[in-house]
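All residue numbers for the sequence shown refer to our numbering, where the first residue is 897 and numbers rise by one.
Check each hint, because a few of them may be wrong.
[Claimed, not checked] Here are the simulated distance ranges between beta carbons:
1. Leu1061 / Ile971: 23 to 31 Å
2. Pro1065 / Phe1100: 33 to 41 Å
3. Tyr1015 / Pro965: 34 to 42 Å
4. Leu1060 / Val1113: 19 to 27 Å
5. Ala1083 / Cys917: 21 to 29 Å
6. Phe1100 / Tyr1129: 32 to 40 Å
7. Ala1083 / His1121: 44 to 52 Å
Don't read these hints as lab results, they were simulated from the structure. Just so you know, even glycine gets a beta-carbon here, dropped at the ideal spot from N, CA and C.
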Amino acid sequence: MPQPTRTSIAIAWSIHALTACGMILGMLALQAMLARDWRLAICYLLAALALDGIDGPLARRFEVGKVLPRYSGGILDLLVDYFTFVLLPALFVWWSDAVPEAWRWPAALAMMLSALYHYGNLEIKTGDCYFTGFPAFWNIVVFYLYLLRPPPEWALALIAVLCLLTFAPVKCVHPFRVARLRGLNIAAAVFSMAAAAGALFSPFARELAWLSLAPVVYFAALSLHRTMRPAAYAG
897 MPQPTRTSIA IAWSIHALTA CGMILGMLAL QAMLARDWRL AICYLLAALA LDGIDGPLAR
957 RFEVGKVLPR YSGGILDLLV DYFTFVLLPA LFVWWSDAVP EAWRWPAALA MMLSALYHYG
1017 NLEIKTGDCY FTGFPAFWNI VVFYLYLLRP PPEWALALIA VLCLLTFAPV KCVHPFRVAR
1077 LRGLNIAAAV FSMAAAAGAL FSPFARELAW LSLAPVVYFA ALSLHRTMRP AAYAG
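Use the sequences and the hints to build the structure in full.
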């Protein structure tokens, strides 16, 4: 490989800095939660999710791993993701009234511990870039718990099922990495994010939240098909 230029090195470090900005958004979300401003906290968590969808494609486009081989963007990304995808949503569950009071701490702990298994799994992704097991997208889960306000017992049951699915041999689609239907997957993810963001500031919050669930159902169906029909994805 040719020696990296100053420009390529600057771009690579800028992309790493972009990834690290997720920690800033996470700290702002934490500050909002401490003030019990749940909507603002969810806004910052969604912003961190959007950022996570941008930095990866940029890192691959500019071959950051080759330009800065001694610095792992993958590890940086995992550290930021655990903070914003897992720890902060677990605190949301612990400090809010999303689940029954007696179960808030156990539910938060289960989220954090099951996610540790996910992040420590060396086979976290399949060869065709599907996640193995529920990919600890707890930030998305708490968004819907906040906007749709299901009964606390239902929310607790959902958390329990998703924790168990972390260890299950299910395949979950990564909208930006899976090659099959990538264009449609990215469009569905962007649509879901836009509807979710609109739901936080619209008088039709619940309607937009339900609308944003349509792509989630699509991704769940695609993931189920990948799990149940692995031969159709071979080769």
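Note to self: For the hint 44 to 52 Å, verify it against the beta carbon of Ala1083 and that of His1121.
What the structure shows: 19 Å, violated
Next item on the list: Return holds or violated for the Cβ distance of Pro1065 and Phe1100 against the range 33 to 41 Å.
Entry: 39 Å, holds
Notebook entry, point to check: Is the hinted range of 19 to 27 Å satisfied by the C-beta distance from Leu1060 to Val1113?
Noted result: 20 Å, holds
Next item on the list: Using the beta carbons of Ala1083 and Cys917, state whether their distance is inside 21 to 29 Å or not.
Entry: 25 Å, holds
Checklist line | Leu1061 versus Ile971 beta-carbon gap, inside 23 to 31 Å or not | finding: 25 Å, holds
Note to self: Verify the CB-CB distance for Tyr1015 and Pro965 against the hinted window 34 to 42 Å.
What the structure shows: The hint (34 to 42 Å, Cβ to Cβ) is violated, given that Tyr1015 and Pro965 are roughly 22 Å apart.
Notebook entry, point to check: Has the hinted range 32 to 40 Å been met by the Cβ atoms of Phe1100 and Tyr1129?
Noted result: This hint holds: roughly 38 Å between Cβ atoms.
In this structure, the hints that do not hold are numbers 3 and 7, in rising order.
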